[in-house]
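Protein chains: 2
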Amino acid sequence: MVRGLVAGACVLAVVTGCVGVEPTHGPSGAPVPTLAYRITQSLSTEVGPRLAGTPHEAAARAWAVRWFKELKFSRVSVEPFTIKGWVREREEASIVSHGGQALAVTALGGSISTPKGGITAPVAFVASYEDLLAAPPGSYAGKIVFVHDRMKAARDGSGYGVAVRKRSRGAIEAAKRGALALVIRSVGTDQTRFPHTGHMNTDKAVKAIPAAAISNADADQLERLQAMGAAVRLKLVLKTRSFADAPSGNVVADIVGVEKPEEIVLLAAHLDSWDLGTGAIDDATGVAIVVAAALKAAGPEMKPKRTIRVVLYGAEEVGVLGGDPYAKAHAGELSKHVMATEADFGTGRVWRFASKASEADLPFFDSVAAGLRDLGVERGNNSSSGGADIAVLGKAGVPIVGLTQDGTTYFDYHHTANDTLDKVDPVALEQNVEVYARVVRAFANR
Amino acid sequence: MVRGLVAGACVLAVVTGCVGVEPTHGPSGAPVPTLAYRITQSLSTEVGPRLAGTPHEAAARAWAVRWFKELKFSRVSVEPFTIKGWVREREEASIVSHGGQALAVTALGGSISTPKGGITAPVAFVASYEDLLAAPPGSYAGKIVFVHDRMKAARDGSGYGVAVRKRSRGAIEAAKRGALALVIRSVGTDQTRFPHTGHMNTDKAVKAIPAAAISNADADQLERLQAMGAAVRLKLVLKTRSFADAPSGNVVADIVGVEKPEEIVLLAAHLDSWDLGTGAIDDATGVAIVVAAALKAAGPEMKPKRTIRVVLYGAEEVGVLGGDPYAKAHAGELSKHVMATEADFGTGRVWRFASKASEADLPFFDSVAAGLRDLGVERGNNSSSGGADIAVLGKAGVPIVGLTQDGTTYFDYHHTANDTLDKVDPVALEQNVEVYARVVRAFANR
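Residue numbers (the working numbering), protein chains in the order written: chain A, 1 to 446; chain B, 1 to 446.
Treat the hints with caution; some may be incorrect.
In this list, chains with the same sequence are indistinguishable; a pair is considered to hold if it fits within one copy or across any two.
[Said to hold, decoys possible] Computed list of lysine-lysine pairs in DSS-like fashion (alpha-carbon distance at most 30 Å, straight line):
1) Lys395 with Lys176
2) Lys239 with Lys116
3) Lys204 with Lys72
4) Lys336 with Lys207
5) Lys116 with Lys235
6) Lys336 with Lys204
7) Lys303 with Lys204
8) Lys116 with Lys303
9) Lys176 with Lys207
10) Lys260 with Lys207
11) Lys152 with Lys305
12) Lys303 with Lys207
13) Lys116 with Lys84
14) Lys84 with Lys305
15) Lys260 with Lys72
16) Lys116 with Lys260
17) Lys395 with Lys84
18) Lys69 with Lys336
19) Lys69 with Lys152
Hints were generated in silico from the structure; no laboratory data involved.
Excised from the complex, chain A in its bound form (with noise of 0.2 Å):
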């Protein structure tokens, strides 16, 4: 349910906010709200964890209905899909060797259920994922294996790439090699006890392991220990719970274009969010990005020559599960898909720009780049993905932008319970909406 959801036109109130929302001020002390920054409050206070597959995500989905068609967008349909879904109902760990300190831990999203009474073994310490794969079958019978590298903070993100097998296939590997469950360090770059979640892969070939991520703070902990000599034994309880046909969905609006209605600029973000924090800055900012970047590069009037599109992705945190439906229910038009581009990965400035375009039309992507110069954004390669959910339209030649935004703390926040409203810079979620909405205006009206 959506309470409390501000009442009509009142959303496009631009200074006072609605129904008495007085302006909140962001790390860049800036006053608010703008758009953007109301859409992503409204998004992350009123709906709040919305886990794909349950009623907080369909909840999501009627939210966007509602703020997309009061911002006058038209032809707004939910697109279902359904998907295997997955709740957590109980996660506890602790060293039972040292007085049973309990720690900060979380299931990855997917992992099975521990027996109820829990899992309690000797901790194998594995440095890294290339440690855990290049260890013989067997090496890890009996234990939980904890992995626990660290992952480093970078503009561009690239630590995640590194640091986040771990999560995604150390259960898979552990197993392989006769572990009882899989503990990890959490894949992010803060220094608190909030454990970070995320998917993990399965494997049917390969039986499957409870896991789980423990806080940065818990795994110096448990390093700590182990530098000591100490043996260190831990339990942990996990109770989670899967279902079939969970309800999910794409949420689509588009600004038709008056001159080429049929020729599309696709702008994508994700609605579901984990389940531990309020998703405000994955990816309730990338949700507000690009609805307010749709508006404003289509101006007052609402006539862009060709179709504005803004496409809200369900189940992406899960495994990316709303790509493929959107591509198979608009595999006829898309060839007409002009570009896509796609706002998932916080609120950080956007610095640059990169692209896959034919070589035909690089002169022209080159432009839409330059033209971005006196907002700090430079030219980038043009080999980009433009992220998960328009991975599929970038592989079946949908001409790509991808805007990179500095991720410097975004993994400080990542799939944790902290990911709240107080994180998002309003200063920098403003540069994005006009590097976003100067893209879009190229596209539309080229």
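With chain A held as given, fit chain B onto it using these hints.
For chain B alone, kept in the frame of chain A given last:
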């Protein structure tokens, strides 16, 4: 149990640490471990959380006895006393009016349980403790009272006294006005989803109600919903347990003076911690500072003129319950306590020397303060209470030195799960040790 405790004289190793502990780096980037850092690390890692009256606090006493003996203190003793024990077993809260969003919540120390099914009720927003006091009887009948003023950060921690009133007496005052339960914005200066626990008072004349704190980010969420005009309903589920005659105790250790052994310079810190974190800055750093400073002041020969005594108090967090037992057990020698000081404010640098001295003695105190100027310490006033545990000594006429640490960030972590070793600045810790050592040396060898 304190397994994995470093063995034998190894605790005095300075550079490489004990049994393979690698040098660690703190926020200032300085390599460690010094003795003070290793004490902090050992207590917060090997013992971890040590709630008063539990086996974990008993483990901390055993830990302290072992360290004192290994560090060649004399007359090491545990002075036991009993307290009313209290533990938390379950704590959950959710915004039932808005999709059941989970709140980051923790019971206040001493809170009673809710009924098993929790309390679900509309929220009465109360902007401050003053507003709570101003409300007439019956104002909050059938409501969960939410007191949501925000604590201000300050170097001297002065925001705490103002903000903590809602935690100490909020439940009493809300109950007087008919409330079903109290929820407060955490008494803390961070912007995260860590709730801050802490002791609450009780009043036998007033019906007890359950009381809990939510994080600053969650408090903001509720404020936003209120600002949007929404009717906010919460569900609160607390399960806690109290038990009589829980063991606690103070650990006392001396470096016996060679000229006037009966005269005592007392250094205090507290051994117990809250259960959510590992009590690194509250108060493992205090323990480390006073132990390391006592040794430094005594010099390598361990032959001060007067006795240097370290008292590691028990049960500070749950109502400062160790102060009276010490004063009672040592009533006969209180007049021989020539000075008492305490360390219980984290890891920030000392910037002020306050005191409580007789007029005749002031020139000497002034000269001690003057000897700290090169360490950035200024002279404070002469009305210091010295700290919670030693306040009773000050009232009994023991001269007091109050060394004020920089507490600007202390309340970001205070009483949260996030109070862990990584928050300790090893460079500032050493400044503390040097300041305390100079003060103790001056009094011990006067």
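Results for each hint:
Taking identical chains as interchangeable, the C-alpha atoms of lysine 395 and lysine 176 are never at most 30 Å apart, the minima being 33 Å within one chain and 66 Å between chains. Taking identical chains as interchangeable, the C-alpha atoms of lysine 239 and lysine 116 lie at most 30 Å apart whether they share a chain (8 Å) or sit on different chains (21 Å). In this assembly of identical chains, the alpha carbons of lysine 204 and lysine 72 never lie at most 30 Å apart, being 46 Å within a copy and 60 Å across copies at closest. In this assembly of identical chains, lysine 336 and lysine 207 lie within 30 Å of each other by CA distance neither inside one copy nor across copies; the values are 44 Å within and 70 Å between.
In the homo-oligomer, the alpha carbons of lysine 116 and lysine 235 lie at most 30 Å apart both inside one protomer (12 Å) and across protomers (27 Å), since each shortest distance falls under that limit. In this homomeric assembly, lysine 336 and lysine 204 never come within 30 Å of each other (Cα to Cα): the closest approach is 38 Å inside a single copy and 75 Å across copies. Taking the shortest Cα distances, lysine 303 and lysine 204 never come within 30 Å of each other, neither inside one copy (51 Å) nor across copies (70 Å). Taking the closest pair of Cα atoms, lysine 116 and lysine 303 never come within 30 Å of each other, the shortest separation being 59 Å inside a single copy and 58 Å across copies.
For a Cα distance limit of 30 Å, the shortest separation of lysine 176 from lysine 207 inside one copy, 8 Å, qualifies, whereas the shortest one across copies, 58 Å, does not. Taking the closest pair of Cα atoms, lysine 260 and lysine 207 never come within 30 Å of each other, the shortest separation being 53 Å inside a single copy and 72 Å across copies. Taking the shortest alpha-carbon separations for lysine 152 and lysine 305, neither the intra-copy value of 44 Å nor the inter-copy value of 53 Å comes in at or below 30 Å. When the C-alpha separation of lysine 303 and lysine 207 is checked against a cutoff of 30 Å, the pair qualifies neither within a copy, at 55 Å, nor between copies, at 65 Å.
In this assembly of identical chains, lysine 116 and lysine 84 lie within 30 Å of each other by CA distance solely inside one copy; the values are 23 Å within and 33 Å between copies. In this assembly of identical chains, lysine 84 and lysine 305 lie within 30 Å of each other by CA distance neither inside one copy nor across copies; the values are 40 Å within and 75 Å between. Only within a single protomer do lysine 260 and lysine 72 lie at most 30 Å apart by alpha-carbon distance; the minimum there is 19 Å, versus 87 Å between protomers. Proximity of lysine 116 and lysine 260 under a CA criterion of 30 Å is satisfied in neither setting, with 60 Å inside one chain copy and 62 Å between copies.
Proximity of lysine 395 to lysine 84 under the C-alpha cut-off of 30 Å is restricted to the intra-copy arrangement: shortest distance 25 Å within a copy versus 67 Å between copies. Taking CA atoms no more than 30 Å apart as the test, lysine 69 paired with lysine 336 passes inside one copy only; the shortest distance there is 24 Å, against 80 Å between copies. In the homo-oligomer, the alpha carbons of lysine 69 and lysine 152 never lie at most 30 Å apart, since the shortest distance is 42 Å inside one protomer and 42 Å across protomers.
Violated hints, in rising order: 1, 3, 4, 6, 7, 8, 10, 11, 12, 14, 16, 19; the structure is consistent with all others.
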